[in-house]
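Enquirer: The chain contents come next:
Number of protein chains: 2
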Amino acid sequence: MSNETAVKANKTVRVGLLGLGTVGSGVMKVLLHQQALIKERTGYRIEVPHILVRDPKKKRKVKVFPEQLTTDADRIVDDQDISIVIEVMGGVEPARTILLKALRSGKHVITANKELLAKHGSELMKAAQESGVQLLFEASVAGGIPVIRFLQGYLTANRVYEISGILNGTTNYILTKMEQTGQTFAEALAEAQELGYAEADPTDDVEGYDAAYKLAILTNLAFDVEVPVSDIFREGIKEIRPIDLGWAREFGYVIKLLARSRKTERGIELSVGPCLLPLSHPLARVHDVFNAVTVYSDVVGDVTLVGKGAGEYPTASAVIEDLTALLRQSGQVLRTTCWQTSSHRCLETESSRFFIRFTSAEQESQQLEQQLKRVIAEWGGRVIHQVKKEALGKENFGWIVQNLPRKRLIELLDQASANGLLSQQPLVLPCLDQVATQSRKLASAI
Amino acid sequence: MSNETAVKANKTVRVGLLGLGTVGSGVMKVLLHQQALIKERTGYRIEVPHILVRDPKKKRKVKVFPEQLTTDADRIVDDQDISIVIEVMGGVEPARTILLKALRSGKHVITANKELLAKHGSELMKAAQESGVQLLFEASVAGGIPVIRFLQGYLTANRVYEISGILNGTTNYILTKMEQTGQTFAEALAEAQELGYAEADPTDDVEGYDAAYKLAILTNLAFDVEVPVSDIFREGIKEIRPIDLGWAREFGYVIKLLARSRKTERGIELSVGPCLLPLSHPLARVHDVFNAVTVYSDVVGDVTLVGKGAGEYPTASAVIEDLTALLRQSGQVLRTTCWQTSSHRCLETESSRFFIRFTSAEQESQQLEQQLKRVIAEWGGRVIHQVKKEALGKENFGWIVQNLPRKRLIELLDQASANGLLSQQPLVLPCLDQVATQSRKLASAI
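So the sequence lines, in the order shown, correspond to chains A and B.
According to the numbering used here, the stretch in the first sequence is residues 77 to 522, in order.
According to the numbering used here, the stretch in the second sequence is residues 77 to 522, in order.
Worth flagging that the hints you see were computed from the coordinates, not collected in a lab.
If a hint is listed, it holds; no wrong ones were tucked in.
Identical chains blur together in the list; that is why a pair holds if it fits in one copy or across any two.
In silico SDA-like pairs for lysine to any residue, Cα to Cα no more than 20 angstroms straight-line:
1) 115 / 412
2) 87 / 407
3) 202 / 117
4) 87 / 232
Only a predicted model underlies this, so the values are computations on that prediction, with no experimental measurement involved.
The task is simple: from the sequences and hints, build the whole structure.
Expert: Written as structure tokens, this is what we have:
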């Protein structure tokens, strides 16, 4: 049963809000501040009778009446007058259970919860379809950038074949600071935490989980498949040092935590990890807490969207624009998604060039250098850029190696390590030199 | 009368196409190539029974049956079975008359015609509203970039206060080539013409008319006002020389033909013209035939969209995505626009820094330099960067001047010219150093 008619008949719409943290407060503030505009453009006055919170006594960053707060989710789910539920509490449970109940009782759901969608998206989607209600989730990926709307509300006569994005603002801020100031990872992280850009426990961001959730969602939408997050090759940024960023720049690259997904004949290539992007790449200049996504499609070519990926207002904006879309558009806001666990293989994305950084004791550095170059040449690879720097009796090497796969390079460096030639953990990062030449191929096939 | 119901009942939709040039051919090719995908996602098979052309005998770049071609627009407008008309013929007449007739006979209209919309948009919009049909025009601005859908189909709880864009691919290609190769304007234009990026008569592009039409459309949508194209301050790129691009780069800028529109308390500031953008500006790295638009809104902040702004497939994509939206969405695809000639003032956009380039005979250069600096200082301005280059007995100067308005600088250079001190026409270009600090201001007001 769709409750569209109910929504339309009553020019006041009652919304239940789950969560009143940063995003929830933002939603309340924006609803208040923009209420005249929303009324003018959608015809609806929005009321929020109930807000689910854990602790009703907690000091809030927004003015709410005590009677609005509740610790009982059923107050919202069972309220027949509430036709839309907004979830900004995060985490899998109890969000999953509450949202399933809300959908099944005929309420539209708007959620910002990337982890929930990445892990249980198809279950929620199915519940929405069965109840004839809509599940909208613009805020779950890249905050203020309307990439979900672009993929699922706009592109229809286009087939997407690749998506690349900077989907995590925290790590982008840290990498930007490290590059600009020479700070270490730990120093830049501490600063990000002070500014509220990083959580006290930064694991989700710096280990790439957050970006992987978002990549799973985008991949599911773009390719109509369900990709388990655990199938995504994932690397964090903790091993990156200022020297890597400096050398990358010397070679004409910048290091970004990139989430990539590409449909190939072999399967779906997916990865989240730090990459070297040439300065000419559309995502190379996306700095600080900004996010960006490039979507490659067969007719329109590549379109890049850049904006704030997190924060109170950009995320609240995405939530509320989902709400205004529900109020303004009488049909489905998004194309019907079919996330099915189809027979696809998940593969690591490929690269033909890698940056490697390794360190040896000074007295062994020459032997090591010669040995590595010899093996690389034997295996058909080539060192196309190289730089080294001596510090504290150790020699640091930074190379760009062409035509060897990652696993070969790791094998090589593991061998050197086993032989006692490396004095620190080496680093291997892919370079993204080729920017989707496939688009021209497909367009010319038309 | 809306013919939505008619469209929905019949799972074949019949479309009339006006024009079969580059974009029209692209539309036909994409409809054919993607028909299975469109059917799968919208439920509709699309037929194009009639295509209006000037010369039915002309060789076409796409396979069409002779019986599809017609020189009689009434074949389309009077055909009761055609519910959607796509116009890609360009120019004001006869497009305006045919589209008004089509709208008034209850057909939805999709157009790529920026000139027509900029000059007669409100008339067409009114006709559409009166007939209960939709007028869609994504392809009219920035080709493959869905900026219309972003402004009018997405942003609802956001108030836009500024738009900046690189909206013309031809001039962006010319400026990119001039900078990268040192070619003159004439050389780069000739190359663009050879590659099909520029028309035989390039006036519309290089004089900024094309960008001004697009800016008028975006301004109308963003600020709900009707802006006459003639009110837009407009400059072309013919006076730009390779030396300007080189000097701009030395000062940390790149020169782009920028279209800007900003709502201020004094009125709407509008301009199209070459500007110096700092390298950190989101539009500074948009090269070749790419287009980009940054939209500044009060909640979400700034969002930049980058993609191909012209060409057969990007433009056809925009046309066809308007078509799929009509088929997929049961309500209005775009928010209701109200282009009204309200009491607003159109003003030139302001800048606090300008690049000036002027040339004098060598023997007079010292006198000129001293005189100009003295007057600039007297008027409260300051030269913050300067460079000069001697060539063929002449001295070329490139300065960045702060705190003087454009008209003062022009006055100054006119005076020097009247005194016989300048040996060539000088150049004055604004620098865009401040990137919308207003967003923070407004967000903090919430």
